[in-house]
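Enquirer: The lines below spell out each chain.
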Amino acid sequence: MTGKPISKKRLSLDARYSILGAMLIAPTIIVFSAVIVYPLVSAIYLSVFSIYTPTMEGEWAGLDNYSRLLASGEFWRSLLNNLVWTAGTLTLQMVFGVLVALMLHQNVVFRSLARSLVLFPYFLSTVVAVLVWRWLFNDLYGVLNHMLMWAGLIDMPVDWLGSMPNAMISLIFVGAWKYFPFVVIAVLARLQSIPDELYEAATIDGAGRFARFTDITLPQLKDVLIVIVLLRTIWDFKEFDLIYLLTGGGPIISTQTLPLMVYKEAFALNQMGGASAVAVIMMLIMLIFMTFYLRKTRD
Amino acid sequence: MNDKSNEHQARSCPGQLSRRSILKSAVALTAAAALPFSKARASTTIRWWSTQSSPEQLAAYRYQIKTFEAAHPGVEVVFERTSDEGYAPQLAAAFAGGNVPNIVTHLPSFAVADYWSAGLLLPFDDVIAEVGTDNFFEGANRIYEIEPGTHAAAGIGNTAANMLWMRTDRMEKAGIERLPATWDELRAACSKMQGRGVYGAPLPYAKNSMTTLVIIGFIHQAGGQILSPDLEVAIVSDEAVNALEFYRSMREFSPPGATNYSWGESLSAFVSGATATGLYAGRVLINVSKQNPRIAEHITCTTYPTISADVPPWTFNDFPSVFIPADAADLEITKKFAAWLYRADGYIQQVHATPGHVLPVLKTIAKSEAYRDNDIIRRYGTEVERMSSAAVAGHNLGWETPHHRANVKAGAIINSGILAEMVQRVVLNEEKPRAVLANTAGRIEKIMKG
Amino acid sequence: MAQRRNLWHRIAYNVFAWAIVVLIAFPLIWMILTSLKPQSELFLIPPTFLPGEITFEHYRRLLVETPFLIYLRNSGILAVGTTLVVIVIATLGAHSLVRFSYPGREHMARLVLFTYLLPSVVLIIPLYFLMISIGLSNTLTSLIIAYTTFALPYALWLLRSFMAAIPDDLEAAAMVDGATRMQAFVDVILPQAVPGIISTALFTSILAWNEYLYALVLVNSDEVRPLTTGVMNMLVTSFNIEWSMLMAASVMMSVPLIVVFVFLQRFLTRGFGAGAVKG
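Protein chains in written order, with my numbering: chain B, 213 to 511; chain W, 203 to 652; chain V, 19 to 297.
These aren't lab readings, by the way, just hints derived from the structure by calculation. Each residue gets a CB set at the ideal place from its N, CA and C atoms; glycine is no exception. Careful, some of the hints might be misleading.
Claimed, not checked - Label pairs and their computed distance ranges (CB to CB): (1) B:A419 with V:A197: 36 to 44 Å; (2) V:L129 with B:A419: 37 to 45 Å; (3) V:V98 with B:V321: 30 to 38 Å; (4) W:G583 with V:S239: 36 to 44 Å; (5) W:E499 with B:A283: 55 to 63 Å; (6) B:G420 with V:V98: 43 to 51 Å; (7) V:A197 with B:I497: 40 to 48 Å.
Claimed, not checked - Listing some non-contacts, in silico: residues in chain B with all C-beta distances to chain W over 12 Å: (8) F349; (9) L352; (10) D417; (11) G418.
Isolated chain B, as found in the complex (with noise of 0.2 Å):
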């Protein structure tokens, strides 16, 4: 690197530890390569054919899955929602975890309990989540209608999912419930390295409740933010099972989603080619994303 003379000896530490931080690390890469791989380009290689679902067997088709893609008002048209969706549900995600985290990490009665039922809908598998979701928006036998009515709040039961714009924000909601508690546990794990020291220099030199978050708390949690951001921006913009169990993509295409126009195309038009295209559609995009986010936040 500079002109310094570098001793045989050093050389051959500095090589040693680099072999073993490939080691360390080459399980991962096995992992990956041997069993992802194979699908990933599987599901490339597939986007170029017709392929019919049932037997997997079809032909070639070029880019003609592609565009027949882009030209369909409906791709577009999901694509818009799959956008307003993960933007919505990951910023009350975001915010909620945080507050939350930060309201367990003060001291509460029997807070352990406090804080697993608050991780309660992140254990709940989707499936009876949604069902009981369902149950609860139902507008006859519902609970939540008919408490709103009991308060005067509204005084004809409200259809949370069959039209618009309750369905995206019913959507929006659930989904951040669901999935708040995954940022709650990471900051949670965060605040705990926090040495009370800075906390209490700070007090003393008069900084106040908020100032002490800004100024402190959050430049800590920066760091585990970024990460949390970047993965469930991927995991909201890839979800399936809530949106299609919720709504169905209902009313009309008003909240499908990308995901749901794979699972559309595979299962239900038996174009495994159509869905491997709008598949790697999805992937472009959050590689473009990842590629930006990785770039802006490593400075």
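Position chains W and V against the provided structure of chain B, taking the given hints into account.
Expert: Just chains W and V now, with coordinates in the frame of chain B:
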């Protein structure tokens, strides 16, 4: 498109990909090394997949398996559940991977048509003959005669899925004397019975398969059809416009959340007493007796009304099936097992698991004392009888009338949600029916062309 | 005086905090209440909260008449197996990414994230072929492998960020005392990384416990089926849902996780030792 000769085609049509043959060789190579236990297996194993496996049904299956194994030593039957959402990807993976089950039951008829058209199923005529061709109700297996002269599968039970259910106590209160038979009567009845927290009907206006199936029924009840007997798209018609307009006019009698109702919500709406009418199959009887016994004395059913007395009722029956994949192992014993499922003792136990909902396909069973020896079947004799006769004469998108050819793309049309979207656009967006029908026709056309 | 005001503040805060907790966990409370109601109370209009009569019938039926316990065992094996595999591989990998330098390090980290970018629906069938060709179809092992592949990137990145917060001096100090890098790792770094490892282990086990689509396609016999698909197949069809048993099953699927987490709390609150922490 019968693809039985795919290898041949692959050779003669170079552009056609045959992943299956490539995969078969890969699997064969690794199978030789990787499956030690195949040597140790002394007995034959039959794998049975079904989408219906509630605890009661499972008990019935276990009985059938036990008696079969006792009569055929050395054979083991393994039951593997799948589900309505799961069977599509699971079977796709199974067919493509060459890892198929021996026998699959309870899939709807359009799934069968789909697989038959890809050459994946064994002709079922032997089994039907063994059970007794005349024993089946007349026309019960016609829907499976996709190519004339051979059957792709047989029905294992009938369900009359779109019966009109009525609360007789509410009818009395509203002064309605007869069960509605025409749309005008239906509308009048719903209008009179609605009030004080009770809605007239739980009709679905959601983006799901229930809406699709219900609107197909309404179009037929208006005298129209989705496809012509030769499978040309025939949905743009006065009858379909009438159906859509009537369906739109009924919106005011359904609860606000009907825009998201699926079978479960619609069923619960009637069973819980929130609606005066229902649109469902025989499961109403079971659920009412368990969840709301208070109304058990006050329910009855009839075929769903049609637009006028000139149009005959059209009952939806998805004809739950039994089929055998062509590539399954041990086909002879599998066929014997398929026939065994229809033996009286086991079969009656099966239909008793969901009394009134899954109705027998065999004449001898339907008449037998042992079948009638069930609380619900006895109590609701008239209703069960009505459902039975309606179901036997039933149809679905795969076979719309006795004059229609089998439509192997029915599953794709239903799953694509095009018809449900059509309903939503007319009812929720208030678009003009004819324009929406024209657009829908174009989309169905694309699917039919494949 | 000030103390009294402090006390009121604390009570108010506790009430507020617990109100939020109850709101978040409301569906769980409702699920438990419903699972104790007889079927005739399911769809009352207007709906009731408390059961008119309490019955354990649905739990009994679930445990006695269905393979629920088998499914539970399978889910347990899956969760524990996947978590162990993922934690071991990811901890070593994260350590490598943070403390070592070699060419292509950053690229490998990003490459691993690549596995996330495709939706599972598309990966399913190729993955199924792969499992068949290596003779592992319809086994728990195939699921562990499948779950590892998508839990690993998550775990790696998360652990990387936790481990980056551990100061270099600790490792350096241990090595000055004569430890090798790996000894330093085990003696000094790992204990500091425990909260991070525990959180990551938690994510991974929840992921494995709740996963549905892969279990749906890769596994088809009751002996091997986990709770998610087992419960769904049994109780939910497109025409009918066995609500009462479903609620009982869901409660039984969630409550153990909650109890386990209450105990794991202790590890999450064990903070770092004294000393400056890199921001």
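Enquirer: Taking the numbered hints from earlier one at a time, note which ones the structure violates and give those numbers from smallest to largest.
Expert: 8, 9
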